[in-house]
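Participant: Could you put together the complete structure from these sequences and hints?
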Amino acid sequence: MPRFAANLSMMYTEHDFLDRFAAAAKDGFQAVEYLFPYDHPAAEIRKRLDDNGLTQALFNAPPGDWGAGERGIAALPGRETEFRTEFAKALEYAAVLGNDRVHVMAGIVPADADHARCRSIYLENLAYASASAASHGITVLIEPINTRDMPGYFLNRQDEGQTICRQVGAANLKVQFDCYHCQIVEGDIAKKLERDFAGIGHIQIAGVPERHEPDIGELNYPYLFDVIDRLGYTGWIGCEYRPRGGTSEGLGWIKPWLKR
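With UniProt numbering applied, the sequence shown corresponds to residues 1 to 260, in that order.
Honestly, the hints are just simulated from the structure, not real lab data. The reader is advised that the hints may include incorrect statements.
Said to hold, decoys possible - Pairs of lysine-lysine residues, derived as DSBU-like cross-links and limited to a Cα-Cα distance of at most 30 angstroms, are as follows:
(1) Lys-191 <-> Lys-255
(2) Lys-47 <-> Lys-89
(3) Lys-255 <-> Lys-26
(4) Lys-26 <-> Lys-47
(5) Lys-255 <-> Lys-192
(6) Lys-47 <-> Lys-255
Claimed, not checked - Pair by pair, the computed Cβ-Cβ distance ranges are:
(7) Pro-209 <-> Glu-249: 19 to 25 angstroms
(8) Thr-234 <-> Gly-169: 23 to 29 angstroms
(9) Asp-229 <-> Asp-65: 39 to 45 angstroms
(10) Pro-209 <-> Lys-255: 20 to 26 angstroms
(11) Ala-131 <-> Gly-199: 14 to 20 angstroms
(12) Val-185 <-> Trp-253: 21 to 27 angstroms
Note that the Cβ used here is the ideal one computed from N, Cα and C, for glycine as well.
Facilitator: Printed below as a string of structure tokens:
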């Protein structure tokens, strides 16, 4: 049976961030994820998790200057020292929060960049991150992201992500399979889940094309949930969508799955 984690960066935004944990637990979620925890002390977030009986499923390593439009630095030449320092911060937070997944964002690369050089740096940084995370029991994730929402992002396709993981060769480096991004870029989601299942470390969902609840749009999620179950996936499925209205009011889609 699918296990769902509320993404607190997109869901429950009608509440202050630290109040979203209680709201998610009240609606029946047992786990949460979000983009970044770094605006709050790790101990304070851990308290919210413990107070509400929640598991921390995932968060992202620091992405560079998010406010200036950066979306990761792992594939950006010249930022290697910064990447290592910031990834260490992610491991410090994970040690307190208890999650065993950290997503590393590749970054937006200019059209005229030397892509071979960017790829080389990306592989080096991922090898370093995976080695650093291994002693903590943490899996490093990379995520193909669609070019409509994030033009210029370095990694866009599932097969590219799987190839990079194989080239790095670390057992704790896997692909974060976001059904929303995959559908926009390439489609054929069920077959790609089947093809790449051994290399998938986390799954996320949202309706396509508007990124609302997964019961709206062109994807048949009940079918995909059955596929995911059949494949034997036991991890969390992150609900990384923007509710059309109030978050709680839009959760009718999940109730049949919580009852199974």
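Participant: Against this structure, judge whether each hint is valid.
Facilitator: Hint-by-hint comparison with the structure:
{"no.": "1", "hint": "Lys-191 <-> Lys-255", "in the structure": "holds, 26 angstroms"}
{"no.": "2", "hint": "Lys-47 <-> Lys-89", "in the structure": "holds, 19 angstroms"}
{"no.": "3", "hint": "Lys-255 <-> Lys-26", "in the structure": "holds, 13 angstroms"}
{"no.": "4", "hint": "Lys-26 <-> Lys-47", "in the structure": "holds, 16 angstroms"}
{"no.": "5", "hint": "Lys-255 <-> Lys-192", "in the structure": "holds, 27 angstroms"}
{"no.": "6", "hint": "Lys-47 <-> Lys-255", "in the structure": "holds, 27 angstroms"}
{"no.": "7", "hint": "Pro-209 <-> Glu-249: 19 to 25 angstroms", "in the structure": "holds, 22 angstroms"}
{"no.": "8", "hint": "Thr-234 <-> Gly-169: 23 to 29 angstroms", "in the structure": "holds, 24 angstroms"}
{"no.": "9", "hint": "Asp-229 <-> Asp-65: 39 to 45 angstroms", "in the structure": "holds, 40 angstroms"}
{"no.": "10", "hint": "Pro-209 <-> Lys-255: 20 to 26 angstroms", "in the structure": "holds, 24 angstroms"}
{"no.": "11", "hint": "Ala-131 <-> Gly-199: 14 to 20 angstroms", "in the structure": "holds, 18 angstroms"}
{"no.": "12", "hint": "Val-185 <-> Trp-253: 21 to 27 angstroms", "in the structure": "holds, 24 angstroms"}
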